[in-house]
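Enquirer: What follows is the residue order along each chain.
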Amino acid sequence: MIQYLTNNHVIVWQALQEHLYLALLPILFGFAIALPLGYLAVRFTWLYHPLINTFGVLYSIPSLALFVFLPVILGTKVLSPVNVVVALTIYTVALLARTVADGLRAVDPVVVQAATAMGYRRTRRLVDVELPIALPVILAGLRVATVSNISLVSVGSLIGIGGLGQLFTRGFQLFYLEPILIGVILSVVLAGIADLIIVLVQRAVTPWTRAA
Amino acid sequence: MITFEDVVKVYPGGTTAVDHLNLELPTGKITVLVGPSGCGKTTSLRMINRMVTPTSGRILVDGADVSQQNEARLRRSIGYVIQHAGLFPHRTVLDNVATVPVLLGQTRRAAREAALGLLERVGLSAEFAKRYPAQLSGGQQQRVGVARALAADPPIMLMDEPFSAVDPVVRAQLQAEFLRLQQDLGKTIAMVTHDIDEAIKLGDHVAVFRTGGRLAQFATPRELLAEPADDFVASFVGRDRGLRSLSFDSAAELPVRPVDGIDLDDSGRPLGLPGVFTKDDSLRVVTDLVISSPGGIAVRVGPDGAADGLVSHHDLADYLASRRS
Amino acid sequence: MITFEDVVKVYPGGTTAVDHLNLELPTGKITVLVGPSGCGKTTSLRMINRMVTPTSGRILVDGADVSQQNEARLRRSIGYVIQHAGLFPHRTVLDNVATVPVLLGQTRRAAREAALGLLERVGLSAEFAKRYPAQLSGGQQQRVGVARALAADPPIMLMDEPFSAVDPVVRAQLQAEFLRLQQDLGKTIAMVTHDIDEAIKLGDHVAVFRTGGRLAQFATPRELLAEPADDFVASFVGRDRGLRSLSFDSAAELPVRPVDGIDLDDSGRPLGLPGVFTKDDSLRVVTDLVISSPGGIAVRVGPDGAADGLVSHHDLADYLASRRS
Amino acid sequence: MNFSYLTDPAHWDPSNPGSIPNLILSHLGYTALALLIGAVIALPVGLYIGHTGKGSFIAINAGNAGRSLPTLGLLMLMVTLLGLGLLPVLIALTVLVIPPILTSAYAGMRNLDHRVVDAARGMGMRPWQVLSRVELPMALPIMLSGFRNAALQVVATATVAAAVGLGGLGRLLIDGLAVNDYSRVLAGAIVVAALAVLVDLFLALIQRLIVSPGLKGS
Amino acid sequence: GTNSDPLADEPAASGAAGGSVTVGSANFPESQLLAEIYSQALEAKGVKVTRKFNIGAREVYLKALQDGSISLLPEYNGALLAALSPNGIPAGVSSSDTVLAELKKVLPSGTEVLAQSTAEDKDTLTVSADTAAKNNLKSIEDLKAVAPTLVAGGGPEFTERQQGLKGLKEVYGVEFKEYKPLDPGGPLTVNALKDGDIQVANLFSTDSSIVTNKFVTLADPKNLFTSQNVIPLIRSEANNATVTGALDAVSGKLTTENLTSYLAQVQVDKKDIAVVAKAFLSENGLG
Ligand SMILES: Nc1ncnc2c1ncn2[C@@H]1O[C@H](COP(=O)(O)OP(=O)(O)OP(=O)(O)O)[C@@H](O)[C@H]1O
Ligand SMILES: Nc1ncnc2c1ncn2[C@@H]1O[C@H](COP(=O)(O)OP(=O)(O)OP(=O)(O)O)[C@@H](O)[C@H]1O
Ligand SMILES: [Mg+2]
Ligand SMILES: [Mg+2]
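Protein chains in written order, with the numbering used here: chain A, 1239 to 1450; chain B, 1166 to 1490; chain C, 1166 to 1490; chain D, 4 to 221; chain E, 197 to 483.
Each hint should be verified, as a subset may be incorrect.
[To be verified] Result set (DSS-like, lysine-lysine): computed pairs, CA atoms no more than 30 Å apart in a straight line:
1) K362/E to K340/E
2) K1366/B to K1366/C
3) K219/D to K1295/C
4) K244/E to K259/E
5) K449/E to K244/E
6) K449/E to K410/E
In case anyone wonders, no lab produced these hints; they're calculated from the structure.
Remember, predicted model here, so these are calculated numbers, not experimental data.
Next up, chain A with everything else stripped away, as it sits in the complex (with noise of 0.2 Å):
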């Protein structure tokens, strides 16, 4: 394995790169999107079903399609990572959009109350009180939404986008396991490094949460 790292690095190095990069872009559209999608569904009740049914339904198409279909909806070029992108950030939206809503569901009407009658105009009032309070439930599904991501970017590598999934066909087609190991080494240790950076900014934007 090692062998294969010192013959291969700049090949593995690029992979690690482009799933890096194809991973977390959309994490970050996803989640700017979530956000008012989440915060819509709480303000007009009605919308949030609808909203999680439809955000369900996508979810459960799979990757591979969606990564093929999404070419000739866009009408983006075959190979071009725009189509993981927003193939990955329709998913990201998909988990996201229902932990906001719900995190801001769970937040204790009675404070919600103690601040409206402090004087807090809505948008304060949420920035200031609602997503604060949130912030526990919807970095926990960040932190699902990321690691996720990170494993299903590889799919991409069966219509021939980069990413680690590369090591793993380049195996696959010659029955070779040090390029799949270290492949899903790799996406594994990205995956845990991601979650780990998630769960530290968690400790320290919500302090409140560890004073028992």
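Go by the hints and put chains B, C, D and E with the ligands onto chain A.
Expert: Frame of chain A, contents of chains B, C, D and E with the ligands only:
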């Protein structure tokens, strides 16, 4: 002064929570709203700071209709304390208290400094300032809730069962502190409770509501005990009304006999009695003493603890009779 | 009879919850454990059905050491009611009540039938049987909790703050029902509360605990009011002790004067008075009447409501004095 | 891209081994097997950890660690190690379903109202009776929601089986892609999504049937 | 590229002296090896190369070529011709030269092919030694009688192609009991044949596993599988003298024999493609 002018609140479901309420809560006084569960106490309170909109009628604060005022600004000028405190779990105690001043544009630093003083005022030392609400006991949380409502020094405070989440001992403690605080601050306070004892103890005035959101009686605690408006109020006020109304009567004027036939120690303090009273006590204390003491008498002591007078059950009966006529 | 023999409980953390407790709870009676928060009431209760194991000492039920008995079998023979009822949310009210009989091997059908009877006993009509706990009010849940504990007709019942989750009005109602029930059933009951009034109202005996898990006093409610063992008990029992102890004294023997100077209606009922008393009332009621009535008198009425006697404050003072000597 | 593949009756002919009904059957087969094996492994572990509180750290982190294993890589790894066949696919899919089942079993047990459990013990229920009659029924809603999650994921992911030459609806995706037949890929995506929704509805129905109405809304 | 995409990381067109080329490949090792050889040869001449290997079947990568995602591919003249001729390859077109001539007529606009090499890699039908002996199989014609009892396997695309199941039926009248979609000349197919899961496999003639496993490749007397010379397919805008020079040099050195042996280094010795490609170039005086 807060004025309810013919206020009605019917909730969308069709429940009439408040039914043609006319009420004046005097400036600088504590008015307690009391009544059975669901009688519209909370609803009435929340119409004052526009958390609930009346179906009809008007609410005036110092003559100005609240519905004409900017919602957020109105609320910032009214302190609101709710059951279980409703503290922000994600902010330290200090930042909870500093919330409204910061909203009003004070710098965080100035607001925190002021908050520290307020915490002390409600009996919480500086060591609590950096804690989160989850690290406080129920009683401590209530104190923070009160401090938070006081932070912007609002002329008006609304308090919805502020002491109900804590056990009876802590509760009594909070009530006493609260009265002391109000003596200093002289806010206009509207407080909700469903505990008639609390109402009588804290209220300058008591508004008793009946189910269906109608006002049954508005009176001072003393009037309420002495002359309940009807059977509903009488039964709500409960037993021992006579004895409890004596709480408002000082024993200062009660004539006493010379001390005689009582064992005293060297400094003149009485020995072997279940209790004694002073001029500052109420007639309620004296009554209980004459009933429970073995000799049917109550001994009065001076500031130094030495017995300076004696009252028999008959003396008390005479005094009460003389006060009536 | 339940006997605590020098029982000590030290929790793993090092807290001494119960400290050398010696106590006898008489068969067929209600013994109430009362005391400040954390004084070991719950711990004591839970050692009886082996939910907690004593660090040292023994607990006997009718002379047999509980630690020698099969845990599950012991518990099935002891009813256990906890605060907030602890009902099974996934079972209907009926099946909640039928739980222990089914555990004991009864058919579901028979157990349900019996449960229906029990529900009625605690004042819940058959329409509640099919509901789930979440569909009941707090007071109704408490009733189901009591019914469930009674279902196997256990000779012993342990009740841990059974009425504390409900508002004062419902609570008084539950207490009254409970007393009526106990008159029929005559169980040996150990009940925990932190409300001294409840203890006095319900207990045949009261065990007052002090912080640190030590027994401060074991006495009847009357003794407790009349002769608190020490300052701690006295302050815990609280004010109006004299008046409250009169609750246990009947007005039946109280001499009355002929009715005179009172407005009566055609059937001889008194008019314009805040209240009247009967022979069944306690001296507490009479005391309050002589204090609160405008004329300083209390009017006694017969079963038909007609006034049949009159007592002045002085008469009462004399009677109390005569009883003392 | 059109629906022609989906609407062609020949593709629905059960006698043709590659027809959609047969692909659905094998797809459901992989799904059910993976769920079954996953549940057999993860449920006892999750329940035990939730019940005793021992090893909570594992339960909480197993979720994310499991999710971070790329299914495709795992599958290819297994095929390379074990050769072709059902086993590698099942291993990969089982690894996928274990985390949600385990964490939800754990969460279900952790979130129990301890007072109710206390009451059950106080009535003289033996430990296994407390577990089977009180704890499990009360934990069921959360446990089932985890199971539904697992089912949803495995239905969508079982398509990768086709990447290593097995059947299931992934065939429509892989083969359609190989011959540039978008109508077939579309058919695959639609059938998989529909299947996921149906499986979820089916499980929701089961949930309705076996979860006590007393636990609704909690 | 004509349809420029802001997120596509490389423009396909050239600007620099040597130009820049995005090299793609199909999803089987030989294609990747050839693509790597092209890439290194181009890099040696100062052309900037981006690699996008392992894209998939021809149907997919041609699309990528057309939309400009890639600009250069190793192709096989016969297979490419078959793929580009909607009505099938005209009769009589089977020799390398006729195929090339025909191919040039049907190339999509904006693309061109460069000089073809003599290295050939044909589709084959291959059976195990056992099967061959038992059924006395030497040529595809011999299959006709026994095919309905046999299971065939190979890449999924083989089912739909003229030079696949369709042609087998039309030209030889061969119809198998079942066709298992596995991978194009990859380990799944080889292992399936070895393990007896399938009896007939669609493998490529340069595949070293045919020799190592003593498989028998059936003769193709009716020339169903046309000439398959390796040939670079390129987008015209990416082509220039430097590129043509570099690739022509590679094609000049490629033979069926050396391709087979270099591929064996990849498939059997598990040497890295980049290493093998480098060896090819240096051993042939190109690197
Ligand atoms: N948002 C609402 N929508 C519909 N009905 C409501 C709403 N809020 C309160 N009510 C109903 O209005 C009536 C009065 O409610 P309110 O909360 O003012 O009573 P309360 O006196 O504060 O009772 P409690 O002592 O239980 O707090 C009740 O019948 C209640 O059910
Ligand atoms: N499981 C436990 N582990 C450690 N300490 C405990 C445990 N249970 C109770 N304690 C401690 O033992 C003491 C007595 O507790 P117990 O619950 O018996 O008090 P209590 O009188 O019922 O109080 P309350 O009125 O608050 O219910 C307390 O200090 C409590 O903190
Ligand atoms: Mg209220
Ligand atoms: Mg307790």
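Enquirer: Would the pair K449/E and K244/E pass a check requiring their Cα atoms to be no farther apart than 30 Å?
Expert: It holds: about 22 Å lies between the C-alpha atoms, which stays within 30 Å.
Enquirer: Compare the distance between the alpha carbons of K1366/B and K1366/C with 30 Å, and conclude whether the hinted pair is satisfied.
Expert: This hinted pair holds, its Cα atoms lying about 24 Å apart.
Enquirer: Against the 30 Å threshold, does the CA-CA distance of K244/E and K259/E hold or violate the hint?
Expert: holds, 22 Å
Enquirer: What's the verdict on K449/E and K410/E, does the C-alpha distance respect the 30 Å limit or exceed it?
Expert: holds, 28 Å
Enquirer: Taken at face value, is the distance from the CA of K1295/C to the CA of K219/D at most 30 Å?
Expert: Status holds; Cα separation ~15 Å.
Enquirer: Are the Cα positions of K362/E and K340/E separated by 30 Å at most?
Expert: Holds, at about 14 Å.
The structure shown violates none of the earlier numbered hints.
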